Amino acid sequence: METLLHDLRYGVRMLRKSPSFTAIAVLTLALGIGSTVAIFSVVDQVLLHSLPYPDADRIMYVSQTERGGNELHYASSPANYLDWVAQNHVFSVMAASRGWQGNLGGDRPERVRLSMTTASLFPLFAVHPMLGRGLESEDEEPSNDHVAVLSYGLWNRRFGADPGLINQSITLNNETYTVVGVMPSNFLPDGYGELWVPSPWGVPSHPLVPSQDPRQFRDRNYLDVWGRLKPGVTQHQAEQEMSAIARRLEKQYPDSNDGIGVGMMSLQDSVVSDIRPVLYVLLAAVAFVLLIGCTNVANLLLARSSGRTREISIRIALGAGRRRIVSQLLTESVLLAVAGGLLGIVIAAWAVPTLVALGPSEIRDYGNIGVNLEALAFAVVVSILTGVLFGLAPALHASEGKVSDSLKEGERGSTAQRGRTRTALVVAEVALSLILLIGAGLTVRSFVRVLRVDPGFDASHLLVFGVGLPPSASADEQDRFYRQVAEKLETLPGVQSAGAVSRLPLSGGNSGRSFKLPGSAKDYSADIRVETPRYLQTMGVSLLKGRYLDEHDIAGATPVIVVNEAFTKSVFPGEDPIGKYITDFGPGMDKLQIVGVVGNVRHVALEAAPRAEVYLPFGQAHWTSAFVAVRTKTSDPLALVPAVQNAVWSVDKTVPLAGVRTMQDLIARSLVQRKFTMTLLAIFAALAVVLAAIGLYGAMSYSVSQRTREIGIRMALGAQKKDVLKMVVGQGMGLAAIGVAVGIAGSLGMMRLISGLLFGVSATDPVTFILLAMVLAGVAFAANYIPARRATAVDPMVALRYE
Amino acid sequence: MIQLRNVERSYKTGAGATYVLRRINLDIQAGDFVTVMGPSGAGKSTMLSILGMLDDGWAGEYHFLDHAVHKLDRKKRADLNRQYIGFVFQSYHLLDNLTVYENLDVPLSYRNVSRGQRASMVAEVLDRFQIVGKKDLYPSQLSGGQQQLVGVARAVVGNPKLILADEPTGNLHSSQAKEIMELFKKLNDQGTTIVQVTHSEANAAYGNRTIQLFDGWIANDPKNEPVPNTTASIG
Numbered sequence: 001m002e003t004l005l006h007d008l009r010y011g012v013r014m015l016r017k018s019p020s021f022t023a024i025a026v027l028t029l030a031l032g033i034g035s036t037v038a039i040f041s042v043v044d045q046v047l048l049h050s051l052p053y054p055d056a057d058r059i060m061y062v063s064q065t066e067r068g069g070n071e072l073h074y075a076s077s078p079a080n081y082l083d084w085v086a087q088n089h090v091f092s093v094m095a096a097s098r099g100w101q102g103n104l105g106g107d108r109p110e111r112v113r114l115s116m117t118t119a120s121l122f123p124l125f126a127v128h129p130m131l132g133r134g135l136e137s138e139d140e141e142p143s144n145d146h147v148a149v150l151s152y153g154l155w156n157r158r159f160g161a162d163p164g165l166i167n168q169s170i171t172l173n174n175e176t177y178t179v180v181g182v183m184p185s186n187f188l189p190d191g192y193g194e195l196w197v198p199s200p201w202g203v204p205s206h207p208l209v210p211s212q213d214p215r216q217f218r219d220r221n222y223l224d225v226w227g228r229l230k231p232g233v234t235q236h237q238a239e240q241e242m243s244a245i246a247r248r249l250e251k252q253y254p255d256s257n258d259g260i261g262v263g264m265m266s267l268q269d270s271v272v273s274d275i276r277p278v279l280y281v282l283l284a285a286v287a288f289v290l291l292i293g294c295t296n297v298a299n300l301l302l303a304r305s306s307g308r309t310r311e312i313s314i315r316i317a318l319g320a321g322r323r324r325i326v327s328q329l330l331t332e333s334v335l336l337a338v339a340g341g342l343l344g345i346v347i348a349a350w351a352v353p354t355l356v357a358l359g360p361s362e363i364r365d366y367g368n369i370g371v372n373l374e375a376l377a378f379a380v381v382v383s384i385l386t387g388v389l390f391g392l393a394p395a396l397h398a399s400e401g402k403v404s405d406s407l408k409e410g411e412r413g414s415t416a417q418r419g420r421t422r423t424a425l426v427v428a429e430v431a432l433s434l435i436l437l438i439g440a441g442l443t444v445r446s447f448v449r450v451l452r453v454d455p456g457f458d459a460s461h462l463l464v465f466g467v468g469l470p471p472s473a474s475a476d477e478q479d480r481f482y483r484q485v486a487e488k489l490e491t492l493p494g495v496q497s498a499g500a501v502s503r504l505p506l507s508g509g510n511s512g513r514s515f516k517l518p519g520s521a522k523d524y525s526a527d528i529r530v531e532t533p534r535y536l537q538t539m540g541v542s543l544l545k546g547r548y549l550d551e552h553d554i555a556g557a558t559p560v561i562v563v564n565e566a567f568t569k570s571v572f573p574g575e576d577p578i579g580k581y582i583t584d585f586g587p588g589m590d591k592l593q594i595v596g597v598v599g600n601v602r603h604v605a606l607e608a609a610p611r612a613e614v615y616l617p618f619g620q621a622h623w624t625s626a627f628v629a630v631r632t633k634t635s636d637p638l639a640l641v642p643a644v645q646n647a648v649w650s651v652d653k654t655v656p657l658a659g660v661r662t663m664q665d666l667i668a669r670s671l672v673q674r675k676f677t678m679t680l681l682a683i684f685a686a687l688a689v690v691l692a693a694i695g696l697y698g699a700m701s702y703s704v705s706q707r708t709r710e711i712g713i714r715m716a717l718g719a720q721k722k723d724v725l726k727m728v729v730g731q732g733m734g735l736a737a738i739g740v741a742v743g744i745a746g747s748l749g750m751m752r753l754i755s756g757l758l759f760g761v762s763a764t765d766p767v768t769f770i771l772l773a774m775v776l777a778g779v780a781f782a783a784n785y786i787p788a789r790r791a792t793a794v795d796p797m798v799a800l801r802y803e
Numbered sequence: 001m002i003q004l005r006n007v008e009r010s011y012k013t014g015a016g017a018t019y020v021l022r023r024i025n026l027d028i029q030a031g032d033f034v035t036v037m038g039p040s041g042a043g044k045s046t047m048l049s050i051l052g053m054l055d056d057g058w059a060g061e062y063h064f065l066d067h068a069v070h071k072l073d074r075k076k077r078a079d080l081n082r083q084y085i086g087f088v089f090q091s092y093h094l095l096d097n098l099t100v101y102e103n104l105d106v107p108l109s110y111r112n113v114s115r116g117q118r119a120s121m122v123a124e125v126l127d128r129f130q131i132v133g134k135k136d137l138y139p140s141q142l143s144g145g146q147q148q149l150v151g152v153a154r155a156v157v158g159n160p161k162l163i164l165a166d167e168p169t170g171n172l173h174s175s176q177a178k179e180i181m182e183l184f185k186k187l188n189d190q191g192t193t194i195v196q197v198t199h200s201e202a203n204a205a206y207g208n209r210t211i212q213l214f215d216g217w218i219a220n221d222p223k224n225e226p227v228p229n230t231t232a233s234i235g
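Residue numbers (our numbering), protein chains in the order written: chain A, 1 to 803; chain B, 1 to 235.
Derived by calculation from the structure, the hints in this document are not laboratory data. Values in this document were obtained by computation on a predicted structure and should not be read as measured data. By construction, the Cβ of each residue, glycine as well, lies at the ideal position given by its N, Cα and C atoms. One thing to keep in mind: the hints can contain errors.
[What the hints assert, rightly or not] Here are the simulated lysine-lysine pairs, DSBU-like style, with alpha carbons at most 30 Å apart:
hint, chain 1, residue 1, chain 2, residue 2
1, B, Lys76, A, Lys726
2, A, Lys251, B, Lys71
3, B, Lys135, B, Lys185
4, A, Lys580, A, Lys569
5, B, Lys75, A, Lys726
6, B, Lys185, A, Lys722
7, A, Lys726, B, Lys135
8, A, Lys726, B, Lys161
9, B, Lys186, A, Lys721
10, A, Lys633, A, Lys522
11, B, Lys185, A, Lys721
12, A, Lys591, A, Lys516
13, B, Lys76, B, Lys161
14, B, Lys12, A, Lys17
15, B, Lys75, A, Lys722
16, A, Lys722, B, Lys71
17, A, Lys488, B, Lys135
18, A, Lys251, A, Lys522
[Stated by the list, open to error] Derived list of chain B stretches under chain A, where covered just means 3 residues or more per stretch with a C-beta under 8 Å from a C-beta of chain A:
hint, region
19, 75-88
20, 102-114
21, 134-144
[Unchecked claim] Some chain A residues well away from chain B (every beta-carbon gap over 12 Å; in silico):
hint, residue
22, Asp454
23, Ser670
24, Met715
25, Val767
Model the full structure from these sequences, guided by the hints.
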């Protein structure tokens, strides 16, 4: 114990004696440990920890698929769901829900995310309500169905966390509901609902025809479905049985179920499948940063150990045992690692909330992500191991019986060995940082490419929001409401034009339908948009042929549609579609005439190819909710929000506005994940480059100090400053060149792993590779130049005398 | 060949300046073999560094051949060094990581000598010093005498007019030392001017003139009158 205390005291003294060494080593370790802990904390919470439901790994997300295909449709029909429930033997319970929006009444009407669900959702997820109860099968009787379970967030935000809310009434879509329960904050089964209501027919109704019994709908796919595996049943067994059921249904209902299979994935996978590759890439990136950091510290320790070989030799000559020396050096290394770890915790504690705030919803929804102790322990162990490994090198060398040599010849005996190790470390650092730099470069270029994508509309000066009448409103009332809202908005000063549409680009939802051409049995499909006159003009979607929809396209007039370019290319390649018809586009849409062709709009994502779209006028088609787009004459569209709200309320004062924002904000939100990846990779790459530059600088400074005598001799033999400069820079750049070559080779292999995150740029994009290799070479040159300049100041007289 | 007039060298210290060479007046003719002797700290090595143009911090006049060295900038002095002067060091100062051949090539690499010409010059010296068989060995594989032989070979590879040798046999035993001194004698006989610093009377005997330095002053030079008051305090 006394020895340990002595070693600790001595270690602290040694570290204090070289404050710059200590500061650089601790800061380097702290940056590596801090960033690793921060990212690992997020990865651990999001990917590795089970979701907060009992036996969460047994909950499957179940969906219709193409027969034999692996890609889930993420939507299933009510009739199929009911057959799955009735026929399967692999799930102890199944549940279905569908999301929509509803108007929560009161002093401040609010549009909320509403999930209509089967009562079985609550036992399936096995989460006890925080207050009251969950939905039960009795609630699914049409006479009892006006009950609601609230999410923690809505209860807290809207009702001030009132514990007396149970059995109280709330107004939802102008109808009275009784609150029967409040769920805890971690209950996010579908990642959507703020409020759950029962399904009056035992299965959620279709949002466009909510009053119709949905149990026979086999070709309308709008349900999310989950199943909890029975004890002992594997996912594979479940997949086999569900496929067998799908084949039976296909035979039984060939019209609707031809080619329809069933697939499933674990709930965890369904939640994190998008963010998983991003997090793994970031984890690899911070691992690189930590590695580079450890390499730097190892290099520093090695350089320092050269200066200490003599000290250690003297200690051994004075009788210190090998173990004693080792324990002393070990204490110093551990001290460094602990100091780095402590500072790392501070960095991670600061970084994690920032990281979560920057992150996409998959990360933000977890809410309670904090510094993870397992990650911290891991990183500290790695850094201690590294420190110990390289801290021990001089002790092991000194205790190999070469004490007299060390004392006589100073450092020369071990220089070559250490030089090779240091060289290898520097090459590794440069290579690792180039890999990170190229990774970041490719994501930055992808981001720039995405920003350059023409969305097909003009996002500037656009204000957008969601509105909707209660489902009880008739189709006429709803269609009239959207038209009136748009007309009213257009009378506002500061508004250029306004229009409403069933699905707004980049807003996260989509709807598609199949159709036929007259006289043909072939099925086509296209996305459906229902719009008011001047919606397309408001968005700035260009007219390519024919005309836009207008005020004359109303109920009773000739049913007309406008299609986009992608539609024309896929359905009427090389033909003029104007005047042509499509049929069977849904109930009551037997024959629709094409009157215009407009430009493509990137609806799903800026990166996703445009899809075939059909625009129909409200009145001739129907939709129960809409987004309104307002083109303003002001540079700050949000300044018009109060006037816009009043205009909507002047049509119906019970209707709340949802998600009021600018279109540019909506685009930015659609890029959150890409920006998150790009920003973090860029930060880590910058960190890596700085650390590599410090490493290179340190290595070359050390090399120059070791070569003082040689440089002196060369100068005595006639070398000029430029010769010395060339020699030192050449040596450093030689190392950098090897590092760059290894880094490029590594990048060629590793960048394929991130190809899924790239857009419009190849994973082996030569421009990025060459440009960033040059950038790194430039940084390496700067890091080499300073020690090289110092080398030219070597006084040959002093250098030659110092022996 | 060499004329020093009132050459002084001092270093700044906390209390003022400390002189290591004072009012040095020295003439060396081409073909001389001059020995500089004196106790440690007398300024011998400093004088050699000034003669070899490795030191810039001196005052006074220095004429080398037809050049007024004191009027030249550092680069021109370095040019003179490369063109006319070869160095031999007590600790050999061979470059550890280079072979014998490469060590001999180093001084030529700093002159504007083509690769082919360099090769023939190195080959000639290897042959002359009878070390052809050792050309691929590293310094650590040679004895002290062999290393110094390479050191001398390196000093003469560029055919210098002047060789400056700083205790060239200091690290050698007597038989090796004799061999090296015989070599210097031979070079001198062939016309190379040599200035050596040594503590050894035996080595001094190879030369034709011995200068004694004491506390920075020339205490005795057979060709010049001794400077009076040599025991005066310095600084």
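How the hints compare with the structure:
no.: 1; hint: Lys76/B to Lys726/A; result: holds (20 Å)
no.: 2; hint: Lys251/A to Lys71/B; result: violated (107 Å)
no.: 3; hint: Lys135/B to Lys185/B; result: holds (24 Å)
no.: 4; hint: Lys580/A to Lys569/A; result: holds (14 Å)
no.: 5; hint: Lys75/B to Lys726/A; result: holds (17 Å)
no.: 6; hint: Lys185/B to Lys722/A; result: violated (36 Å)
no.: 7; hint: Lys726/A to Lys135/B; result: holds (26 Å)
no.: 8; hint: Lys726/A to Lys161/B; result: holds (29 Å)
no.: 9; hint: Lys186/B to Lys721/A; result: violated (34 Å)
no.: 10; hint: Lys633/A to Lys522/A; result: violated (46 Å)
no.: 11; hint: Lys185/B to Lys721/A; result: violated (34 Å)
no.: 12; hint: Lys591/A to Lys516/A; result: holds (10 Å)
no.: 13; hint: Lys76/B to Lys161/B; result: holds (17 Å)
no.: 14; hint: Lys12/B to Lys17/A; result: holds (29 Å)
no.: 15; hint: Lys75/B to Lys722/A; result: holds (11 Å)
no.: 16; hint: Lys722/A to Lys71/B; result: holds (22 Å)
no.: 17; hint: Lys488/A to Lys135/B; result: violated (98 Å)
no.: 18; hint: Lys251/A to Lys522/A; result: holds (20 Å)
no.: 19; hint: 75-88; result: holds (count 5)
no.: 20; hint: 102-114; result: holds (count 4)
no.: 21; hint: 134-144; result: violated (count 0)
no.: 22; hint: Asp454; result: holds (60 Å)
no.: 23; hint: Ser670; result: holds (59 Å)
no.: 24; hint: Met715; result: violated (7 Å)
no.: 25; hint: Val767; result: holds (38 Å)
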